[in-house]
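Enquirer: Sequence:
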Amino acid sequence: MLRTLVTERLTLDAPADADIEAVFELCQDPEIHRWVPLPWPYGRDNAEFFVRSYAPHGLASGAYETWAIRTAADTPLIGAIELRRDEAAGSASFGCWLGEASRGHGFMKEAARAVIDYALGAGGPGYTRLRWEGLVGNDASRRIAVALGFVIDADPTRTVDFRGEPRPSWLGVLDARPRDDRG
Numbered sequence: 524m525l526r527t528l529v530t531e532r533l534t535l536d537a538p539a540d541a542d543i544e545a546v547f548e549l550c551q552d553p554e555i556h557r558w559v560p561l562p563w564p565y566g567r568d569n570a571e572f573f574v575r576s577y578a579p580h581g582l583a584s585g586a587y588e589t590w591a592i593r594t595a596a597d598t599p600l601i602g603a604i605e606l607r608r609d610e611a612a613g614s615a616s617f618g619c620w621l622g623e624a625s626r627g628h629g630f631m632k633e634a635a636r637a638v639i640d641y642a643l644g645a646g647g648p649g650y651t652r653l654r655w656e657g658l659v660g661n662d663a664s665r666r667i668a669v670a671l672g673f674v675i676d677a678d679p680t681r682t683v684d685f686r687g688e689p690r691p692s693w694l695g696v697l698d699a700r701p702r703d704d705r706g
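Each position in the sequence shown, counted from 1, maps to that position plus 523 in my numbering.
Hints listed in this document are in silico derivations from the structure and should not be mistaken for laboratory results. One or more of the hints may lead you astray.
[Claimed, not checked] Just the calculated beta-carbon pair ranges, DEER-fashion:
#1 ALA611 / THR680: 19 to 27 Å
#2 THR651 / PRO599: 33 to 41 Å
#3 THR680 / GLY646: 17 to 25 Å
#4 GLN551 / GLY649: 25 to 33 Å
#5 GLU633 / MET524: 17 to 25 Å
#6 ASP676 / ALA539: 19 to 27 Å
#7 THR598 / SER576: 32 to 40 Å
#8 MET524 / ARG690: 32 to 40 Å
[Claimed, not checked] EDC-like, lysine to aspartate or glutamate: derived pairs with alpha carbons at most 16 Å apart:
#9 LYS632 / ASP609
#10 LYS632 / GLU531
#11 LYS632 / ASP676
Cβ atoms here follow ideal geometry from the backbone N, Cα and C, with glycine treated the same way.
Given the sequences, and given the hints that come with them, work out the whole structure.
Expert: Written out as structure tokens, the structure reads:
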């Protein structure tokens, strides 16, 4: 079962059937597709797959955990965040997206902090290192990663496959350390 994470303003829990319409509507935003490799066009069937198959499969297989980001329990999701086990022992990466109306309020930083605390903390999955990768130009995401303590590699030749094309990317690494050292 996915652990529910609660912050001062947010509840992170499992995506549910009631979220399908919100996922569909939020994923029509071209800005999300500019930075996140979701299918395009994004249909209702993609939203159903995300909620009913993708998220539950990751949890069942132990490969990844996907949370719906909500402003309170039992409210529509405003975004999603995922923690994915890497091939390297003790390492995981995370990815996220947030609906347009919810950007600029600190929600993603708050959600990411909760996932980081869970991932690296006592009682969590036991990770010792987290990775964040973002496309060059996604400055808002990079600012959040830096504020949370990720050290960004400045390798100008780094690329990531994005919809079959190499795109310049940033890589950030966060090693486990006391909570007081993170933003």
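Enquirer: For which of the previously enumerated hints does the structure constitute a violation, in increasing order of number?
Expert: The structure breaks hints 3, 4, 6, 7, 9, 11; every other hint is satisfied.
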